[in-house]
Amino acid sequence: MLRYQIGPETIKFLHSWSYYSDFPILGGIALVAFFNIGVGHETEFELLQSDCSSPITFIPYQSSTFEQRQSFSENSIHFNFFFDVDQLENSPIYDRERGKIEACVAVNLRESPDVYVKEVVSFFHVSAGVLVSTFTNNIL
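In the numbering used here, the protein residues as written are 4 to 143.
Simulated from the structure, these hints should not be mistaken for lab results.
Result set (BS3-like, lysine-lysine): computed pairs, CA atoms no more than 30 Å apart in a straight line: (1) Lys103 - Lys15; (2) Lys103 - Lys121; (3) Lys121 - Lys15.
With beta-carbon atoms standing in for the labels, derived distance ranges: (4) Ser79 - Glu105: 19 to 27 Å; (5) Gln8 - Glu100: 44 to 52 Å; (6) Asn93 - Glu70: 29 to 37 Å.
This structure is a prediction, so every number in the text was calculated from the model and none was measured.
Glycine residues also receive a C-beta, built at the ideal position from the N, C-alpha and C atoms.
Between the sequences and the hints, there should be enough to build the whole structure, so can you do that?
Here it is as structure tokens:
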């Protein structure tokens with residue numbers, strides 16, 4: 004069996020984003036966190052509250068992963084979390100005043116659980132019925 008090296012960049016957080024989706028939850032929102040993982044390693048992941056230790060048990064969600072080869076030494080993995088928008092807007096991970104969803108994505112190596120990354124991710128989301136002020140520059 005080929006043994007792959009574990010180093011300081013075996014798991015790297017790259018970025019996150021969100022989008023509105025009707026699959027797998029009709030009228031849902033998807034939160035996506037994007038990581039690079041060293042080739043030859045398998046991962047486990049979990050979505051936590053922004054303190055990076057408390058599980059999210061107060062709102063149901065579905066998850067999936069998408070993996071592709073990024074380079075000779077890395078695979079990229081998208082961790083996708085799908086929520087019902089109404090339930091999400093009434094949960095503790097949504098800050099209505101700031102229009103922000105905040106959670107923590109924890110990723111560890113399956114063969115070595117003590118090798119992990121926990122990343123707090125924030126997503127902009129304004130719920131329906133919330134007034135958002137805009138600023139314009141008046142040019143004379």
